[in-house]
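Listed below are the residues making up each chain.
Number of protein chains: 2
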Amino acid sequence: MSILSVGTVAFDDIETPSGRANNVIGGACTYISLAATYFVKPVRIVSVVGDDFPQETLDYLQKRGADLAGLQIKEGEKSFFWSGRYHKDMVGRDTLDTQLNVLANFDPVIPPQFKNSEYLMLGNLVPEIQMRVLKQLPKRPKLVVLDTMNFWMDNALEDLKKVIKKTDVLTVNDEEARQLSGEHSLLKAAGVIHKMGPKTLIIKKGEHGALLFHKGEIFFAPALPLAEVVDPTGAGDTFAGGFIGWLARTDDLSFQNLKRAVIYGSAMASFCVEKFSIERLKGLNSSMIHKRVQQFADLVHFQPV
Amino acid sequence: MSILSVGTVAFDDIETPSGRANNVIGGACTYISLAATYFVKPVRIVSVVGDDFPQETLDYLQKRGADLAGLQIKEGEKSFFWSGRYHKDMVGRDTLDTQLNVLANFDPVIPPQFKNSEYLMLGNLVPEIQMRVLKQLPKRPKLVVLDTMNFWMDNALEDLKKVIKKTDVLTVNDEEARQLSGEHSLLKAAGVIHKMGPKTLIIKKGEHGALLFHKGEIFFAPALPLAEVVDPTGAGDTFAGGFIGWLARTDDLSFQNLKRAVIYGSAMASFCVEKFSIERLKGLNSSMIHKRVQQFADLVHFQPV
Numbered sequence: 001m002s003i004l005s006v007g008t009v010a011f012d013d014i015e016t017p018s019g020r021a022n023n024v025i026g027g028a029c030t031y032i033s034l035a036a037t038y039f040v041k042p043v044r045i046v047s048v049v050g051d052d053f054p055q056e057t058l059d060y061l062q063k064r065g066a067d068l069a070g071l072q073i074k075e076g077e078k079s080f081f082w083s084g085r086y087h088k089d090m091v092g093r094d095t096l097d098t099q100l101n102v103l104a105n106f107d108p109v110i111p112p113q114f115k116n117s118e119y120l121m122l123g124n125l126v127p128e129i130q131m132r133v134l135k136q137l138p139k140r141p142k143l144v145v146l147d148t149m150n151f152w153m154d155n156a157l158e159d160l161k162k163v164i165k166k167t168d169v170l171t172v173n174d175e176e177a178r179q180l181s182g183e184h185s186l187l188k189a190a191g192v193i194h195k196m197g198p199k200t201l202i203i204k205k206g207e208h209g210a211l212l213f214h215k216g217e218i219f220f221a222p223a224l225p226l227a228e229v230v231d232p233t234g235a236g237d238t239f240a241g242g243f244i245g246w247l248a249r250t251d252d253l254s255f256q257n258l259k260r261a262v263i264y265g266s267a268m269a270s271f272c273v274e275k276f277s278i279e280r281l282k283g284l285n286s287s288m289i290h291k292r293v294q295q296f297a298d299l300v301h302f303q304p305v
Numbered sequence: 001m002s003i004l005s006v007g008t009v010a011f012d013d014i015e016t017p018s019g020r021a022n023n024v025i026g027g028a029c030t031y032i033s034l035a036a037t038y039f040v041k042p043v044r045i046v047s048v049v050g051d052d053f054p055q056e057t058l059d060y061l062q063k064r065g066a067d068l069a070g071l072q073i074k075e076g077e078k079s080f081f082w083s084g085r086y087h088k089d090m091v092g093r094d095t096l097d098t099q100l101n102v103l104a105n106f107d108p109v110i111p112p113q114f115k116n117s118e119y120l121m122l123g124n125l126v127p128e129i130q131m132r133v134l135k136q137l138p139k140r141p142k143l144v145v146l147d148t149m150n151f152w153m154d155n156a157l158e159d160l161k162k163v164i165k166k167t168d169v170l171t172v173n174d175e176e177a178r179q180l181s182g183e184h185s186l187l188k189a190a191g192v193i194h195k196m197g198p199k200t201l202i203i204k205k206g207e208h209g210a211l212l213f214h215k216g217e218i219f220f221a222p223a224l225p226l227a228e229v230v231d232p233t234g235a236g237d238t239f240a241g242g243f244i245g246w247l248a249r250t251d252d253l254s255f256q257n258l259k260r261a262v263i264y265g266s267a268m269a270s271f272c273v274e275k276f277s278i279e280r281l282k283g284l285n286s287s288m289i290h291k292r293v294q295q296f297a298d299l300v301h302f303q304p305v
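So the protein sequences, as listed, match chains A and B. Counting in the numbering used here, the first sequence runs from 1 upward without gaps. Counting in the numbering used here, the second sequence runs from 1 upward without gaps.
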């Protein structure tokens, strides 16, 4: 099955307790797509960059199986830039700088040959732009996965609700699920969010794992305890990429398989945080990924008497 | 196998986002022992109360299988009292009042018939008092489980380290594991804490579950997503009671069985938080407990391909 991946491709300056990295590759769409290429090819990208974005990275993405026909390269303009500093807990972070640049006027255009994509991943972006993507598709994709964040709940809630209504799987973190639903209990929050549209909700809890709510059933995926988290940037996007990648590869939307997809997403995210930027996501292979999935299975396995 | 349970038996005033309860039964030893009686009887209690403590509660504990031969009742004195208010997240809390009362001069005395106890649970208490308990035992118990908190790391670290050195299983929360070890990664923290004595470490993460580290192996137990948490007080103690209860019942200290014990502890804790004080821990039965353990198994179960 084919994946259409829409979101940002960007530069990041990142500071974490482990060190810093300047002007490195970032962007939700970058992480999502790179992770997804380990499961299906091609991954069709719709995004925008300036002419400052390195050709070398574009070549690499293409080599890995990304189709860049929907990537707009704006001559004379600069790519989206984000700079952040993570707190000691590697969870909280301060945004130091955001330069929208090409993103300010981003108008996503879906190339005709991308319009039949079965799996759509809408990475975190202005909800109104996410909606413009949906409107360009003549036929509803088999699965629409939406990632978003508290910023849009604060600043564009009505637009966000419209796109959530058209979503099959929503991925947010625990605080965002609470904010969106007005419920503190994640169980109750899931009930409220299901009524907003998505029949499937994934609550990402970072180092505390992830919860999957699907038609009254619940699954809990742990996070792998790691000796060192170098850079959490992109972990949520990488999770989403692994998740939709696994689903597109297997084309099976049963609860059993959604659970596997959450674990594959978690496994990809656990690689992502081990190095800055997308470095750790380069040069993985199936055997490494399956081995890590097995570690997740072992981590929670017990035999009730 | 017999369990010796040492810790506080107390009154609490509790305020949570779900409501408030005044002058209700509390204390680490109370929760631990009550939870443990669902697995083995008798549970031998060493603690202290004033003459204000209700005979009705003592009768109830005895009826459930607690042996109160080591409970000192101080005539003319008042029981230990704690008052706290939980934050909206049900994790953070402010202590509003602490009245040590009988606890100020507590000198634990182990009755002769308790000295052969195979399983020792040292509930959160002044480390020096925990040590006095160990010193009264002519033979080292088969398993020593120690619960403690950041307060003792701040105020009695050297005493705490001495008792930790004599401990088999240490239970702390994630922030306490980080404070005690000086490591942010829980994996690294476990390595440091193993070197301090305990070959087994349990890191309790409340609504995010618990991690078990044992001789280089790791197990992750989830927390059950609940529609409503009424009162988190005693959840950690109840966890410890279910944990040591299961181990004493089965008398099997293999990693496989330690994992089960963590799940039984988690299951008991998931009951505890559903009502104020010890109310939900009254009137459980094996079938209810086993059913909940099965919910934990289902919650994390997936079939890797």
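Simulated from the structure, these hints should not be mistaken for lab results. All of these numbers come straight from a predicted model, not from anything done at the bench. Even for Gly, the Cβ is constructed at its ideal location relative to N, Cα and C. Be aware that a few hints might be false.
To be verified - Derived list of chain B stretches under chain A, where covered just means 3 residues or more per stretch with a C-beta under 8 Å from a C-beta of chain A:
1. 117-127
2. 222-231
Claimed, not checked - Below 30 Å or equal to it, Euclidean Cα-Cα: the simulated DSS-like pairs (lysine-lysine) are:
3. B:Lys-215 <-> A:Lys-188
4. A:Lys-88 <-> B:Lys-282
5. B:Lys-199 <-> A:Lys-215
6. A:Lys-291 <-> B:Lys-88
7. A:Lys-275 <-> B:Lys-291
8. A:Lys-199 <-> B:Lys-291
9. A:Lys-88 <-> B:Lys-78
10. B:Lys-291 <-> A:Lys-215
11. B:Lys-188 <-> A:Lys-291
Here's how the hints hold up against the structure:
Counting residues of the segment 117-127 of chain B whose CB falls under 8 Å from any CB of chain A gives 0; the rule of at least 3 is not met. Closer than 8 Å: that is the beta-carbon criterion, and the segment 222-231 of chain B has 6 residues meeting it against chain A, so the requirement of 3 holds. About 38 Å separates the Cα atoms of Lys-215 of chain B and Lys-188 of chain A, which puts this hinted pair outside 30 Å; it is violated. For the given pair, Lys-88 of chain A sits about 42 Å from Lys-282 of chain B by alpha-carbon distance, which is inconsistent with the 30 Å threshold.
Of the supplied pair hints, the one linking Lys-199 of chain B and Lys-215 of chain A is violated, its CA atoms being roughly 42 Å apart against a limit of 30 Å. About 40 Å separates the Cα atoms of Lys-291 of chain A and Lys-88 of chain B, which puts this hinted pair outside 30 Å; it is violated. Restraint check for Lys-275 of chain A and Lys-291 of chain B: the C-alpha separation of about 42 Å exceeds 30 Å, so the hint is violated. With a C-alpha separation of about 27 Å, the suggested pairing of Lys-199 of chain A with Lys-291 of chain B holds against the 30 Å cut-off.
Pair hint Lys-88 of chain A plus Lys-78 of chain B does not hold up; C-alpha atoms about 43 Å apart against a cutoff of 30 Å. A C-alpha spacing of about 21 Å is found between Lys-291 of chain B and Lys-215 of chain A, which places the hinted pair at or below 30 Å, so the restraint holds. With a CA separation close to 22 Å, the supplied pair Lys-188 of chain B and Lys-291 of chain A stays within the 30 Å bound.
Checked against the numbered hints above, the structure breaks hints 1, 3, 4, 5, 6, 7 and 9 and satisfies the rest.
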